[in-house]
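Those protein sequence lines, which keep their order, are chains A and B. Quick note on numbering: the first sequence equals residues 1 to 176 in the UniProt record's numbering. Quick note on numbering: the second sequence equals residues 1 to 167 in the UniProt record's numbering.
These aren't lab readings, by the way, just hints derived from the structure by calculation. Using N, Cα and C, we set each Cβ at its ideal position, and we do this for glycine too. Check the hints yourself; a few may be wrong.
As the list claims (entries may be wrong) - Using C-beta positions, here's what the derived DEER-type ranges look like:
#	chain 1	residue 1	chain 2	residue 2	range
1	B	E59	A	Q39	56 to 62 Å
2	B	G28	A	G75	19 to 25 Å
3	A	E134	B	M36	45 to 51 Å
4	A	I26	B	M36	48 to 54 Å
5	B	E73	A	A125	18 to 24 Å
6	B	M36	A	D31	45 to 51 Å
7	B	A147	A	I26	48 to 54 Å
Said to hold, decoys possible - With a straight-line Cα cutoff of 25 Å, these simulated SDA-like cross-link-like pairs (lysine to any residue) come out:
#	chain 1	residue 1	chain 2	residue 2
8	A	K78	B	R161
9	A	K78	B	A143
10	A	K117	A	G130
11	A	K78	B	G137
12	A	K157	A	L13
13	A	K100	B	S62
14	A	K92	A	I3
15	A	K117	B	V88
16	A	K157	B	E165
17	A	K100	B	G137
18	A	K157	A	D6
19	A	K100	B	L117
20	A	K117	B	D116
21	A	K92	A	P35
22	A	K117	B	E131
23	A	K100	A	L160
24	A	K92	B	E165
25	A	K78	B	M36
26	A	K117	B	G137
27	A	K78	B	L166
28	A	K100	B	D116
29	A	K78	B	T119
30	A	K157	B	A162
31	A	K117	B	A143
32	A	K78	A	E95
33	A	K100	B	S90
34	A	K92	B	V88
35	A	K92	A	S131
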Amino acid sequence: MTITWDGPEGNVLPVVSAPATVLSSIGDEVDPADPAIVQLAADLVATMRVSPGCVGLAAPQVGVGVQLFAVDVTGHPKAATTHGTFVLCNAKVIEASRWKAGREGCMSVPDLTGDVKRAGRVVVAATLPGSGEEVTVTTDAFEARALQHEIDHCAGKLFLDRVAGAHAIYQRKVYL
Amino acid sequence: MHELAITVIGPDRPSIVANVAEALAGVGANLTDSTMTRLRGHFTMTLICNGPSLVEAREALSPLEDVVIEVREVAPESDKKDNGEPYVVSVHGADRLGIVAAVTRVVAVAGGNITDLSTRLSGTLYVLIAEVDLPGGAADELAEQLAVAAAELGVEVTLRRAESELL
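Kindly produce the complete structure, drawing on both the sequences and the hints.
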């Protein structure tokens, strides 16, 4: 089974920054067969690809409050298992283990980073846009972190909702 | 628009932050960046706010008891970006005079700018953690110099990159 994105060309959309209501609202479940969702999936991939250093982008980050996101951690030094470029609808974490703290940033919170504990191994259940095929994605390391970050976006959560403590947020120092 | 820097120090007890914030809100002060922690049981808070004049802020805070409050006007700083590379320095070992002085001097000589620092004395164990913005390519040399300083102080030191991942 491959989950690799193989859809139409998308359009690059503007990315929304916090504070914005859409980033703090629970996204609606989507119909994976809806042509508008397939187009949005393509747009997320296109926007992710033109954003330097971006390894994942969720629909709320482009102003659409639905449970849809794109991920691609290919070539990232902290990645182990990778599935290339893929887009998931209505994704849920069904297993999580090997919790580990790491510092992460977000395109929608451009000036801050924070220490966040994430599972180093996850199993995610979701459906693919277009085909509507139900899939489970088992992954680890950086791809697992990216999936949890994007699933959080679809639930209206930012990494700021999970930082380890009062002194675990930082001014972002490196601009890609 | 006045920009004010305020420090509040005193014996820790509940409600100090609420009292300070409420007094400032009452004179239209907008808190921007702030940090608060307890240092050896002392409540310590530093904050930047803007809005009221120095005199208005001092008057608003004057009823607060048991705390030493300093208010001064500062020139607004641009929230400038650090252009170097982010590193974390960790030091731990037996407490002795001069650990912070020696370690931070080595960092300064390397052109590093400390952007965050905490030290704790726990029993006889002394711990220092610093976030450092380093000029590009300075890390290896700094690591060597820190190792020399640490050997003289009899403490352990590590310098590691503060990696953050954009998601």
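Hints, one by one, checked against the model:
{"no.": "1", "hint": "B:E59 x A:Q39: 56 to 62 Å", "in the structure": "holds (59 Å)"}
{"no.": "2", "hint": "B:G28 x A:G75: 19 to 25 Å", "in the structure": "violated (51 Å)"}
{"no.": "3", "hint": "A:E134 x B:M36: 45 to 51 Å", "in the structure": "holds (48 Å)"}
{"no.": "4", "hint": "A:I26 x B:M36: 48 to 54 Å", "in the structure": "violated (32 Å)"}
{"no.": "5", "hint": "B:E73 x A:A125: 18 to 24 Å", "in the structure": "violated (57 Å)"}
{"no.": "6", "hint": "B:M36 x A:D31: 45 to 51 Å", "in the structure": "holds (48 Å)"}
{"no.": "7", "hint": "B:A147 x A:I26: 48 to 54 Å", "in the structure": "holds (51 Å)"}
{"no.": "8", "hint": "A:K78 x B:R161", "in the structure": "holds (14 Å)"}
{"no.": "9", "hint": "A:K78 x B:A143", "in the structure": "holds (23 Å)"}
{"no.": "10", "hint": "A:K117 x A:G130", "in the structure": "violated (33 Å)"}
{"no.": "11", "hint": "A:K78 x B:G137", "in the structure": "holds (22 Å)"}
{"no.": "12", "hint": "A:K157 x A:L13", "in the structure": "holds (21 Å)"}
{"no.": "13", "hint": "A:K100 x B:S62", "in the structure": "violated (46 Å)"}
{"no.": "14", "hint": "A:K92 x A:I3", "in the structure": "holds (16 Å)"}
{"no.": "15", "hint": "A:K117 x B:V88", "in the structure": "holds (19 Å)"}
{"no.": "16", "hint": "A:K157 x B:E165", "in the structure": "holds (17 Å)"}
{"no.": "17", "hint": "A:K100 x B:G137", "in the structure": "violated (29 Å)"}
{"no.": "18", "hint": "A:K157 x A:D6", "in the structure": "violated (28 Å)"}
{"no.": "19", "hint": "A:K100 x B:L117", "in the structure": "holds (23 Å)"}
{"no.": "20", "hint": "A:K117 x B:D116", "in the structure": "holds (21 Å)"}
{"no.": "21", "hint": "A:K92 x A:P35", "in the structure": "holds (22 Å)"}
{"no.": "22", "hint": "A:K117 x B:E131", "in the structure": "holds (20 Å)"}
{"no.": "23", "hint": "A:K100 x A:L160", "in the structure": "holds (17 Å)"}
{"no.": "24", "hint": "A:K92 x B:E165", "in the structure": "holds (22 Å)"}
{"no.": "25", "hint": "A:K78 x B:M36", "in the structure": "violated (34 Å)"}
{"no.": "26", "hint": "A:K117 x B:G137", "in the structure": "violated (30 Å)"}
{"no.": "27", "hint": "A:K78 x B:L166", "in the structure": "holds (12 Å)"}
{"no.": "28", "hint": "A:K100 x B:D116", "in the structure": "holds (23 Å)"}
{"no.": "29", "hint": "A:K78 x B:T119", "in the structure": "violated (30 Å)"}
{"no.": "30", "hint": "A:K157 x B:A162", "in the structure": "holds (24 Å)"}
{"no.": "31", "hint": "A:K117 x B:A143", "in the structure": "violated (28 Å)"}
{"no.": "32", "hint": "A:K78 x A:E95", "in the structure": "holds (21 Å)"}
{"no.": "33", "hint": "A:K100 x B:S90", "in the structure": "holds (19 Å)"}
{"no.": "34", "hint": "A:K92 x B:V88", "in the structure": "violated (35 Å)"}
{"no.": "35", "hint": "A:K92 x A:S131", "in the structure": "holds (18 Å)"}
Hints 2, 4, 5, 10, 13, 17, 18, 25, 26, 29, 31 and 34, counting from the list given before, are not met by this structure.
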